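Visitor: One letter stands for each residue in the lines below.
Protein chains: 2
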Amino acid sequence: MNRLLELFASRPDQYLSGEEISRTLGVSRSAVWKQINRLRQEGYIFDAVSRVGYKLASKPDKLQAASILAKLKTNKLGRELYLNEQLDSTQAEAQRLLSAGAEEGCVIVAEEQTAGRGRLGRSWHSPPGKGLWMSIILKPDIPFASAPHLTLLTAVALCRCIRRMTKVEALIKWPNDLLVEGKKISGILMETQLEEERLVSVAAGIGICVNLEQQDFPADLQPKATSLMQASGGLVDRESLLVAFLEELEHWYELYMREGFATIRNVWEALSTTLQRHVKAGDVEGVAVGLNEQGALLIRQQDGSTVPVFSSDVAESSAVG
Amino acid sequence: MNRLLELFASRPDQYLSGEEISRTLGVSRSAVWKQINRLRQEGYIFDAVSRVGYKLASKPDKLQAASILAKLKTNKLGRELYLNEQLDSTQAEAQRLLSAGAEEGCVIVAEEQTAGRGRLGRSWHSPPGKGLWMSIILKPDIPFASAPHLTLLTAVALCRCIRRMTKVEALIKWPNDLLVEGKKISGILMETQLEEERLVSVAAGIGICVNLEQQDFPADLQPKATSLMQASGGLVDRESLLVAFLEELEHWYELYMREGFATIRNVWEALSTTLQRHVKAGDVEGVAVGLNEQGALLIRQQDGSTVPVFSSDVAESSAVG
Numbered sequence: 001m002n003r004l005l006e007l008f009a010s011r012p013d014q015y016l017s018g019e020e021i022s023r024t025l026g027v028s029r030s031a032v033w034k035q036i037n038r039l040r041q042e043g044y045i046f047d048a049v050s051r052v053g054y055k056l057a058s059k060p061d062k063l064q065a066a067s068i069l070a071k072l073k074t075n076k077l078g079r080e081l082y083l084n085e086q087l088d089s090t091q092a093e094a095q096r097l098l099s100a101g102a103e104e105g106c107v108i109v110a111e112e113q114t115a116g117r118g119r120l121g122r123s124w125h126s127p128p129g130k131g132l133w134m135s136i137i138l139k140p141d142i143p144f145a146s147a148p149h150l151t152l153l154t155a156v157a158l159c160r161c162i163r164r165m166t167k168v169e170a171l172i173k174w175p176n177d178l179l180v181e182g183k184k185i186s187g188i189l190m191e192t193q194l195e196e197e198r199l200v201s202v203a204a205g206i207g208i209c210v211n212l213e214q215q216d217f218p219a220d221l222q223p224k225a226t227s228l229m230q231a232s233g234g235l236v237d238r239e240s241l242l243v244a245f246l247e248e249l250e251h252w253y254e255l256y257m258r259e260g261f262a263t264i265r266n267v268w269e270a271l272s273t274t275l276q277r278h279v280k281a282g283d284v285e286g287v288a289v290g291l292n293e294q295g296a297l298l299i300r301q302q303d304g305s306t307v308p309v310f311s312s313d314v315a316e317s318s319a320v321g
Numbered sequence: 001m002n003r004l005l006e007l008f009a010s011r012p013d014q015y016l017s018g019e020e021i022s023r024t025l026g027v028s029r030s031a032v033w034k035q036i037n038r039l040r041q042e043g044y045i046f047d048a049v050s051r052v053g054y055k056l057a058s059k060p061d062k063l064q065a066a067s068i069l070a071k072l073k074t075n076k077l078g079r080e081l082y083l084n085e086q087l088d089s090t091q092a093e094a095q096r097l098l099s100a101g102a103e104e105g106c107v108i109v110a111e112e113q114t115a116g117r118g119r120l121g122r123s124w125h126s127p128p129g130k131g132l133w134m135s136i137i138l139k140p141d142i143p144f145a146s147a148p149h150l151t152l153l154t155a156v157a158l159c160r161c162i163r164r165m166t167k168v169e170a171l172i173k174w175p176n177d178l179l180v181e182g183k184k185i186s187g188i189l190m191e192t193q194l195e196e197e198r199l200v201s202v203a204a205g206i207g208i209c210v211n212l213e214q215q216d217f218p219a220d221l222q223p224k225a226t227s228l229m230q231a232s233g234g235l236v237d238r239e240s241l242l243v244a245f246l247e248e249l250e251h252w253y254e255l256y257m258r259e260g261f262a263t264i265r266n267v268w269e270a271l272s273t274t275l276q277r278h279v280k281a282g283d284v285e286g287v288a289v290g291l292n293e294q295g296a297l298l299i300r301q302q303d304g305s306t307v308p309v310f311s312s313d314v315a316e317s318s319a320v321g
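Chains S and E are the protein sequences, given in the same order.
In terms of the working numbering, the first sequence has 124 at position 124, counting the first letter as 1, and numbering is strictly consecutive.
In terms of the working numbering, the second sequence has 149 at position 149, counting the first letter as 1, and numbering is strictly consecutive.
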């Protein structure tokens with residue numbers, strides 16, 4: 001199969017006759033025909049012109065585990081990698097794998113989610129092949145009070161990775177959305193398991209709208225959402241983005257486990273679109289001025305007092321901003 | 001089956017001949033023999049004396065779902081009840097049921113656990129038929145910062161239930177043990193699922209040493225553990241204790257969801273053996289003086305300053321007390 005693809009790759013935009021392919025690869029013409037059909041089923045598109053031959057018109061944008069693992073330079077993250085054609089949601093799969101004893105660093109990716117989940121029980125739109133829909137299992141063993149740190153550090157890693165890979169100037173909107181020019185490009189959903197008052201495992205769910213066109217979003221999301229492709233003006237290689245993100249996340253995660261929240265906090269504040277803005281979070285209204293040590297957003301009210309607010313204190317996250 | 005047991009109950013300590021039973025119940029002698037064999041498999045013990053008949057020597061102390069549900073006056077807790085002969089651990093089963101969509105109030109009981117778990121990854125000794133080993137599923141939807149409250153309210157409910165049902169003066173040792181005369185009689189293990197910074201589900205694991213004799217404990221636990229039977233001087237009916245505990249827990253849980261932590265805190269402090277004692281928790285050493293609003297233990301150090309400590313801050317709970 002690879003030799004056939006290599007042959008097409010060596011003659012870009014050319015039509016190759018069945019006879020020529022057969023001769024070059026040393027296989028029968030019916031074997032050539034079978035291979036091309038198999039590739040078509042995998043999403044490759046061939047132009048077939050009678051008496052002329054085949055041209056490879058487009059390749060499927062499908063994530064390949066072997067190819068990802070060959071590039072990945074992490075210690076743990078993604079070393080155990082599950083690619084799925086379709087899942088209910090990668091978070092649900094992560095919980096199933098955790099029950100079965102999955103280890104830290106395990107990554108679950110789905111080409112398509114049929115019941116993708118966002119915050120506050122909202123659904124998350126995740127059409128096939130155009131985004132990165134994934135969950136990452138972490139087992140940090142830190143006190144429960146540190147749970148908000150993990151959302152913030154994941155947002156930092158994702159924001160920096162997007163900026164580095166696509167030159168798109170993504171910003172973090174508290175608590176856990178990534179925006180480009182005011183439109184949502186990515187969301188993060190953390191599901192955490194505590195034993196007593198310590199974290200034992202976290203499933204970090206991350207959705208990135210990579211190559212979606214505007215019409216790929218449901219009508220109600222179109223005014224509020226965009227994709228990296230639209231923001232950067234070209235297709236973004238999902239595989240490279242995934243590899244880069246896992247490396248970036250591991251970097252910040254290891255730094256956090258070694259040195260604590262202080263550096264994450266500074267970087268988060270630098271990348272945030274929420275700071276210095278007027279926000280309303282539940283009953284609290286004022287100017288967002290930073291994060292405290294626990295990862296709560298500090299809001300300076302009109303009377304001059306500063307109040308820490310966790311996202312858990314705000315039933316409707318859309319009330320912020 | 002019930003009529004046969006009723007017959008034996010109406011003639012305590014008597015031998016009944018097969019013929020007499022057959023005549024009284026209006027069934028064949030071979031049907032009598034089959035029923036007695038089936039009861040033997042369920043743990044009933046019959047003395048069978050040739051040419052005399054059968055005597056019911058002892059009944060199994062086995063929890064029966066129908067009997068429990070008939071007595072239970074709760075709204076939710078235990079309405080969905082899973083009794084198991086043997087489980088790896090009721091907490092593991094609770095996690096499996098949660099993945100499958102189990103609702104609030106679901107209760108899992110095992111007559112025996114083969115891999116019962118305590119805090120900090122310790123094993124929990126749970127021999128068959130002599131204790132109550134259970135897990136209770138709650139879905140409180142409260143902020144993550146309130147997680148410690150649930151351990152404390154479960155300890156309050158259990159302590160009060162034991163005092164009411166057995167007159168044994170149990171006390172709470174921070175964070176989550178129940179002691180009688182300085183020996184452990186019960187342990188609580190909370191496993192909590194967060195979505196972002198809100199609690200979505202809790203599996204409250206509770207082990208109560210009800211009718212264990214001292215030789216039922218492993219040698220290393222014997223100096224440190226005791227049972228309600230030993231403390232109260234008589235067998236304790238496990239079914240009544242289970243029913244009473246579920247009712248008591250529901251009472252305190254509903255109160256907490258309605259009115260918050262303040263009342264729980266007062267009652268916990270009144271039932272605690274930790275307060276006014278010198279304690280060492282991690283790096284903090286001093287006199288335990290109460291709980292704060294978050295459920296942290298307040299320790300007054302020698303320099304007069306008071307420091308809040310969560311159990312999550314203490315790697316070794318045995319360092320406390």
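Since the hints were made in silico from the structure, they are not lab data.
It should be emphasised that the depicted structure is a prediction, and the values quoted were computed from it without experimental measurement.
Every residue gets a Cβ at the ideal spot worked out from N, C-alpha and C, and that includes glycine.
Incorrect hints may appear among the rest.
Examples of chain S residues lying across from chain E (beta carbon under 7 Å, computed) [to be verified]:
#1 Glu-93
#2 Leu-97
#3 Ser-99
#4 Phe-144
#5 Ala-147
#6 Pro-148
#7 Leu-194
#8 Glu-195
#9 Glu-196
#10 Glu-213
#11 Gln-214
Visitor: Each hint should be assessed against the structure and marked as holding or not.
Guide: To see whether the hints hold, each was checked on the structure:
Checking Glu-93 of chain S against chain E by beta carbon gives a least distance of about 11 Å; that is not within 7 Å, so the hint is violated. Interface hint status for Leu-97 of chain S: violated, as the beta-carbon distance to the closest one in chain E is roughly 11 Å, over 7 Å. Here the hint on Ser-99 of chain S is kept, as its CB sits about 6 Å from the closest CB of chain E, short of 7 Å. Interface restraint check for Phe-144 of chain S: the shortest CB-CB distance to chain E comes to about 5 Å, inside 7 Å, so the restraint holds.
Taking 7 Å as the C-beta contact cut-off toward chain E, the hint placing Ala-147 of chain S at the interface holds, the least distance being around 5 Å. Checking Pro-148 of chain S against chain E: minimum C-beta separation of about 6 Å stays under 7 Å; hint holds. Of the supplied interface hints, the one on Leu-194 of chain S holds, with its beta-carbon coming within about 4 Å of a beta-carbon of chain E, less than 7 Å. Restraint check, Glu-195 of chain S versus chain E: the minimum CB separation of about 5 Å is within 7 Å; hint holds.
Taking 7 Å as the C-beta contact cut-off toward chain E, the hint placing Glu-196 of chain S at the interface holds, the least distance being around 6 Å. Taking 7 Å as the C-beta cut-off, the interface hint given for Glu-213 of chain S is violated, the closest approach to chain E being about 30 Å. With a cut of 7 Å, the hint placing Gln-214 of chain S at the interface with chain E is violated, because the nearest CB-to-CB distance is about 28 Å.
When the structure is compared with the earlier hints, violations turn up for hints 1, 2, 10, 11 and for no others.
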